[in-house]
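The listed protein sequences correspond, in order, to chains A and B.
Per this note's numbering, numbering through the first sequence is continuous, rising by one, with the last residue being 438.
Per this note's numbering, numbering through the second sequence is continuous, rising by one, with the last residue being 438.
Honestly, the hints are just simulated from the structure, not real lab data.
Check the hints yourself; a few may be wrong.
For chains that are exact copies, the list does not tell them apart, and a pair is met inside one copy or across any two.
Unchecked claim - Once the Cα atoms are required to be at most 20 Å apart in a straight line, the calculated EDC-like pairs of lysine to aspartate or glutamate come out as: (1) LYS25 x ASP293; (2) LYS337 x GLU41; (3) LYS128 x ASP68; (4) LYS328 x GLU41; (5) LYS116 x ASP89; (6) LYS25 x ASP295; (7) LYS191 x GLU428; (8) LYS337 x ASP77; (9) LYS418 x GLU247; (10) LYS411 x ASP198; (11) LYS328 x ASP227; (12) LYS328 x ASP423; (13) LYS418 x GLU351; (14) LYS128 x GLU196; (15) LYS418 x GLU196.
Protein chains: 2
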Amino acid sequence: MSSPLRLGVAGLGTVGGALLKLLDRQAAALAARTGREIAVVAVSAQNRGKVRDLDPARFDWASDPVALAASPDIDVFVELIGGADGVARAAVETALQEGKSVVTANKALLAKHGLHLARLAEAKGVALGFEASVAGGIPIVKTLRDSLAGNRVSRVYGILNGTCNYILSRMEAEQLSFGQCLAEAQKLGYAEADPSFDIGGYDTAHKLAILTALAFGTEIAADAIAVEGIEHITLADISAAAELGYRIKLLGVAERTAAGIEQRVHPTMVPRSSAIAQVMGVTNAVTIDADAVQELTLVGPGAGGAATASAVVADIADVARGLKAPPFGLPLKSLAPLHRAPLQTHEGGYYIRLSVYDRSGAAAAIAARMAERAISLESIVQRRRPGELKGASAVPVVLITHATSEKLIGEALKAVLADGFIAEPPQVIRIERE
Amino acid sequence: MSSPLRLGVAGLGTVGGALLKLLDRQAAALAARTGREIAVVAVSAQNRGKVRDLDPARFDWASDPVALAASPDIDVFVELIGGADGVARAAVETALQEGKSVVTANKALLAKHGLHLARLAEAKGVALGFEASVAGGIPIVKTLRDSLAGNRVSRVYGILNGTCNYILSRMEAEQLSFGQCLAEAQKLGYAEADPSFDIGGYDTAHKLAILTALAFGTEIAADAIAVEGIEHITLADISAAAELGYRIKLLGVAERTAAGIEQRVHPTMVPRSSAIAQVMGVTNAVTIDADAVQELTLVGPGAGGAATASAVVADIADVARGLKAPPFGLPLKSLAPLHRAPLQTHEGGYYIRLSVYDRSGAAAAIAARMAERAISLESIVQRRRPGELKGASAVPVVLITHATSEKLIGEALKAVLADGFIAEPPQVIRIERE
């Protein structure tokens, strides 16, 4: 057996703690699998007290993660600190520059500086593993990078944020408002005190940026993502979706189109019978459309200490086995710049919920505005909700369109608004085909 | 860039043909990903005419696959001939003995001789890749072997045979008999002229044997699998399952129990709301329960030329990158002998459909036989089907039990039969918990 693989672990929160326990429990199996003992030799955390649960005498203590990253006593630096910049970035850069492999769960760091870090790793011929940065325990990075090496991917999309999926699932199951479900998610620890990063779609966008690069062999371009959150989703939308055979999910979608690569994060109507619609609660799922494999879906835990640590261990095992694939599957010189498809050229169906003043001819006028732009309707439903007074000033009208373009929908809605029938800003939700 | 990786491909059926096209189409991308050109230098097939579509001048022709396997002109032997013995086995053994890596889609060969072949590969320090042998395009081998390296797996189960899943899906959707759906599957090319290997569960068993070894780090033991097919599933069972909140799937299940490793293939009742119940048609799915990742499900195409070729290419790419993991994740000396749990100790719920002579007290007597063995019932339904004549000699009684053991169910049914109320052999279908 070769010499032990010596790890320095920075960050001992939920994932770091779970990682140390997992490495302990699986020590013999991992040594057998990889041919090397995997040994944590030093740890670093903001609060040294945290290490006490874990028999601190077993590990060297490094008060400075950057110093740990540079230590000659470690072969692999495991970064579980978090944050796109600051100490996490400094430590990872240091480790790579010192010729050490890095394993990280840090999606923000990867989304912002992934290319730069891959360049450092490539220059030193070391590994940069980030399986844990996207969709927790789901092996989506390895699947895209290695298992689909023979495929041309046309689309990758998924439920990448457990908080949002939990909220949307609860809204539907319990007929509760967005605000009520968010409060509940915060109480259960599924949502942060400041939830805007999750519910605004930004967490999903970071993960999507990484998936896009892996799926299409392009440079990471997190700033080329159109992002909408779920804050404005109402029970009326959830119910209308159910009636019309859909379910609302916050999806990250990256798709190869004639106009370039589309990257978007937004609440999405998915057919109720689709695999992705069945994914409820904090579970994540990713679907890949590709020429050879057609459609492949992976469903599993998107967060949690043990599940995320499982992905970290997979990357560590790859390093132990000596696997040195380029971090994004392709060497940097082969990654193409991402040619961004503008959202205006997006084509698909749309769900539109309008609050229409109860005047005769309103629905007909709306339909006419659509027809003028050759937007054909799959359905149009105008219905008072039970208990709603007749003569209420505005009634809901829900349209489902066949495939059209973002640009035409925008123009049609502008015309509808100008007609003066509309009481509130329209609710527009894109429909994702299966 | 290193020297090209030279492939010899034996077998040019659906998968072989798709593989040559895929390697062609993805040549540049694969070279960039792996750092080596991947070149098919020679092919072999029963019927040389097949090569004509593929510009035969590009490949050397080998009339004997074993000679191809031994050829000094190739680095990797790709075996797509099929069959557990005969020329496929001879050729694979020859290639490994000559120190060439082997990539194969041959589940029968692996299930029967996997350990022997892994021993040859290990002795020569070459790779033996068989991602394509289980669940077609789903990267389940790599997921179990590499991505879950830090996990202790407690159960792996899945829909591993598209033919059976197609038939069961059609029976439910169209209310057709098993025979009608089988005939249709044969017409569509989803089932062989002799379908017994698929519908009898033996194909699933081969794949399960491979998954078990990967999941539990045990020696392959295909003869330690309890196998039942779907031939005896009737529309009455499909309908009763639907009424009771279940769906019938042919599953392969391997589970760690106190009595050892259970390996079983049989029609299974799965909760209608479970992920696996949503998998319809020829699609395959595999779920893994493990301590760290909890539950992970992979859904995708279980067969088809391009999808299977995608898995073959993934293995070839791993060889090109120099990855040399032990074929079953662990070196042979670390694989434990499989300690087989007898089916009699299996614990779970049961669906039992009885055809009961229409005499008063019959249902009560049956319930009593169960109660005597502390088998508690979740439901008992005795109902004439619409249109059935009152006074018909026998009526269906469907029982769903809570968790009990295979042994107790067998004893209870023996007692029920002895009571003389039963007109036909009982239908017993195990329920798989989520």
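Q: Return the numbers of the hints above that this structure violates; sort them in rising order.
A: Going through the list in order, the structure violates hints 3, 7, 8, 9, 10, 11, 12, 14, 15 and respects the others.
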